[in-house]
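Go ahead and model the full structure; you've got the sequences and the hints to work with.
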Amino acid sequence: MSTATTTATHDHSHHDHHAPSGVMRWLTTTNHKDIGTMYLTFALVMFLVGGTMILGVRAELFKPGLQLMKPEFFNQLIGVHALVMIFAALMPAATGFANWMLPLQLGAPDMALPRLNNWGFWLLPPAAILLTAPFTLALFGIGDGAVATGWTLYAPLSVQGGIGVDFAIFSVHLLGISSVLGSINIIVTIFNMRAPGMTLFKMPLFAWGWLITAFLLIATIPVLAGAVTMLLTDRHFGTHFFDAAGGGDPILFQHLFWFFGHPEVYILLLPVWGFIPHILSAFSRKPVYGYKAQVYSFWAIGILSVVVWAHHFFTVGMPVPALLYFMYSTMSISLPLAVLFFCWIATMWKGSMSFETPMLFATGWIILFGIGGLTGLVLADVAADAQYHHSYFVVAHFHYTLFAGGIMGIMAGVYFWLPKMTGYMYSEKLGKLHFWMTAIAFNMTFIPQFFLGLAGMPRRIPDYALQFAEFNMISSIAAFILGLSQLILVYNIVSCVRGKGEKAKDNPWEGAQGLEWTLPSPPPYHSFTEQPVVK
Amino acid sequence: MVGKRLRIAVMSLAMGLWSVMAWANYSWNFPTPATPIATDTLHVHNKFMIIAMIIFFVVLGIMIFSIFNHRKDKGFKAATFTGPSTAKQVIWTLAPFALLLYIDFILMGIPAYHSVVMMEDTKNGADMVLKVTGMQWRWQYEYMDGYAKGIKFVSNLATPQDQIDNKAPKGEHYLLEVDEPVILPVNKKVRVILTSNDVIHTWWVPQFGVARDAIPGFLRETWVKIEQPGTYRGQCKELCGKGHGFMPVVVNAVSEDEFKKWADAKRAELATASAGADKTWSKEDLISHGKEVYEKNCAVCHQLDGKGVPPAFPPLAGSKVINGPIFDKDGKLIANSHLDRVLNGKNVMPAWKALLNDVDIASVVTYERNSFGNTMGDMLQPAQVKALR
Amino acid sequence: MATETQHYYVPNPSPYPFILSSGLLLLTSGFVFKMNNFAPGVWMMFLGFLCVLYVLFGWFGKVIGESESGQYREWEDKSFRIAMIVFISSEVAFFAAFFGALFFVRNIGIPELAHFDPSLTPYKGFTAIWPSAGPGGMVLGKLYEVAKFEPMKPLGLPAINTMILLTSGLTVTWAHWGLVKDNRRQLILGLFMTVVLGISFLLCQAYEYHHAYTEMGLTLGTGAYGATFFMLTGFHGFHVLLGTIMLTVILLRSINGHFKPNHHFAFEGVAWYWHFVDVVWLLLFVLVYWL
Ligand code: HEA
Ligand code: HEA
Ligand code: CUA
Ligand SMILES: [Cu+2]
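Protein chains in written order, with our numbering: chain A, 1 to 535; chain B, 1 to 389; chain C, 1 to 291.
To be clear, the hints were calculated from the coordinates, so they are not data collected in a lab.
Remember, it's a predicted structure, so these values are computed and weren't measured experimentally.
Mixed in with the good hints, there may be bad ones.
Keeping only pairs whose Cα atoms sit at most 20 Å apart, straight-line, the calculated DMTMM-like set for lysine to aspartate or glutamate is [claimed, not checked]: (1) C:Lys78 with C:Glu66; (2) B:Lys74 with A:Glu356; (3) B:Lys123 with C:Asp117; (4) C:Lys124 with B:Asp145; (5) A:Lys503 with A:Glu428.
Written out as structure tokens, the structure is:
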């Protein structure tokens, strides 16, 4: 800890005088923890919203025939489910952790640009409103519902679509601004706010993961913004970016979308890859294995991720050299990922392991994300991709990466840091129950989908041929169990926030390392009024 | 306790994955291949799956071993290493990556390369060309050369709406049946050209191992060489709007002789249909034929009762366009009139000129003017439509 | 690292971000309503715009106040610098999307359209030349007819505009030297010239657009060429407009005696932005007008 003289005391005292209370505290806050809490709460709420939407879908797919909804509405549900889950649940959750933990882990007084930080958060609710409002508007006879093009917004279907597409376009714009602001803030915080002695290579991996994420966001989110802007002008202002008759090309949209879309999947996971090793290390009571190797792998993944995008549309018909290039470059991403897997397992190897809930999630996560990753590797094969593409095989692949790799990773983080953030311990028993219910129901939901895909069931269809009936039924039942299990998570979080349960120690985990554990649980409103000095 | 549950979970997981490899039973894997490329992709797929599973189980095995042995409650003391420290250790840690490099680019990379080259070889030695046009939500087929040259028809979903709405028991080929399957000769290399009239669709028959997008304004191609006669079913695979799930592909593969016979019969059928344009039809005949045409082609959007799905699809019942004149005083087609809209389309409404013959168009227009509560009472003769071509 | 005061300025709670977001919600949803012909759209946009305007004045006013009262020291200053660099990088990526679109339609899409088998393609006789407005035909049930148009030529106005922007890049730098030397006259004069050059650029651009629409038959709807031309130059022009407004603010602040030779992030941030706009223009000039 720094013993250097500080003249700061008189300065920061005046902040507290003005801090408004009640709603205004949250609307106007510039405190990184408040903002982090808002991000995390928003993410949880939107996760439930997005999940509820897809439960509607799974209910419709329970058996063949149209029972609950019209195909139009079905299409709206899947697209909004995906956009909500990705942009309003997973990304805000990761940003929430960044806000909460980065200043603590780096020994910073706050995020570097607190007001922009607040703006970054408060752009999200409007974006979510824009995305979902068309559902409600349609009830009043305005427009024909939300965006019904899937989350990929492919032209010309999206050029043809209704008012929901316009809302989605502006939603994406706001989400984009929010992500760019968040990234700026994180990059500046990491470069400029580290405590003395905290060199880049002493930062926790979480900071590294977020740094690469932020770079990727800066490089790709604006491209998505550009793409949807072109879509908007094609829809309303007579341009011909995506019309062959005007010399445009519908495939241009796919290139632009996936130039963003592929890096996006690593944007979602890099923060998780950042904190999982620390969880593994804490519960193995052993230092992180291969810290530098992991940092270099992050870089490699970041760089590779922007040059492989066309593996999402192998079936559009590209020249053979392009196909081969995108196939091999996609496959090469498995190399840095194998390094990460190796390091994760080596971190556990010869540790003294115990399996509290965060560790359960982290180990389960390795296995399940492994399945997602390995099926991704298989998808990269161009010729067989003709079969996999847009079939349920892909749906299963990306839920293994997004739900298992993303959401379950985030849950590991939630249980790991919940005591730190709230000051109370969650119920270990319920936490374990949550893990086992989630893991089992998740596999029951999505393993059948691999087989559905192989047998030839396309995705995004509201009704299907009879040979797919059994697997769909299993998948739907399990999806509801999966959904219900999440109520345990909600209960756990709420009871910690409301102060039920044991008080948490400063460091509730025997093996946890890092500056955040040197502070009380919960940390004071202003965490490091004096910067700690790291040896 | 945790260990046991973990073991059960892992076992069931393993069993689930293991069944992928039981490819003797195809419902767990790709359907029976019917073309060389499908056979090839199945083999590549199987190989990749086995490799992936071996990696999975090796890595998993190491992890499980560690989980069971290096535990605190067994009193295992944690080591402190953070990375390889000696040259020997470095080499050991690099070995798996060398192996992975080999797997990625040799073991998987080379067969994948051959499949790609084979798949994209659409032109060499092609025996015939079939043009496939996707549209919301049906496929149009046209034979560009060979014996069936010039034959052109639209292939619609044949499953009745009642089955979809659960009002009638579902048939065996629920959602995978069409009114007019496309007929192809076996053992001929067919070059399939794809395009679209509106949005992107994907023409996919799993047993052929091909899926290629139909992109409006652009031409894409793929090829099939069907080895066994039979009926092959597939579906549109790119989200293309509300009817995306109801856009099947059905291919009948027949012998060369049968193909020729079919072509002759089809040609004769098309000739009679267009000859119908020259005779004068009675209103009743027009309406009853029009009802058929309507149900097949128009009801997806405008609904059987003509009420549409506003605001996306306007109702035809009480429509101003329908309840208005078609020809002006001089007998010219009025712009934006009922017939103009049907022939030429507007926005999402397709242009039916090239898809339906004169009789069909005249009938459906007559039907619409006298149904859903529309009481124009007039009729349109096929000859009048023919005169506008 | 200096240890005397490790205090970082964390601002008080502020209502501006929330108001700004609400304003943007009104603005965007109003715009959607307007585009789809629902009546309250324009009013929502107006209200939203007022919110945004209010925040612009309030927030920037506050920041300027904090800056002038010496709340920002080296540490904060460094944050702002990194932030500005990252922000400009994101702008680069935004323009890259449109340059990418230009590259794609020109070098991949159009040649492909022109080289399809003439017995199969609907676009018989279409040749791959650039500038191109495409082959024409039906698009989603609307007939698109290719109108005759004249492409933009690099010489003339665009060349003059290039000179204008390049000169303006020099004048801000000259103004910066003035600021560093504490030569206020040079600072103000340099900034004033830059603003004037920025405005003249915009006027030339406006004239060029007018000319394109009224005499050359070149509009946003002129196929791939019109779309890429107007979107690229349009977004660039919009950035020049923003830059000019920011420069004007900096000019007014300079006149009011703001900025010190060793402390003037706002000036530098705007200058960087201006150089960025400059570089984008050079790319535009070469890739859009010239080649
Ligand atoms: C976070 C999300 C995420 C992640 C991490 C990934 C990771 C990967 N994905 Fe996936 N992908 C998606 C999300 C993700 N994907 C989504 C959302 C889609 C569909 C989008 C849409 O169309 O809507 C998609 C679709 C998709 C496709 C397109 C399929 C199609 O539509 O035709 C392809 C094709 O190549 C692909 C490949 C890959 C590859 C090679 C990886 C690689 O990064 C994987 C690398 C990892 C490994 C190779 C594992 C290595 C591990 C070991 C070697 C050790 C093994 C250990 C154990 C098993 C314990 N993905
Ligand atoms: C992070 C991303 C993410 C996450 C977490 C999920 C989570 C889930 N997804 Fe999603 N999904 C996508 C990303 C994600 N998905 C994407 C990108 C697509 C592609 C879309 C497209 O085609 O464009 C997709 C598409 C998709 C499909 C394919 C639709 C189709 O193609 O027709 C299916 C089908 O089963 C599905 C299922 C599920 C299920 C069962 C969950 C479950 O894990 C959800 C579990 C959670 C809950 C069920 C919430 C539980 C809450 C309650 C029960 C409480 C309710 C109470 C209140 C609201 C107060 N998803
Ligand atoms: Cu056509 Cu999906
Ligand atoms: Cu990808």
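In ascending order, which of the hints set out earlier in this document are inconsistent with the structure? none
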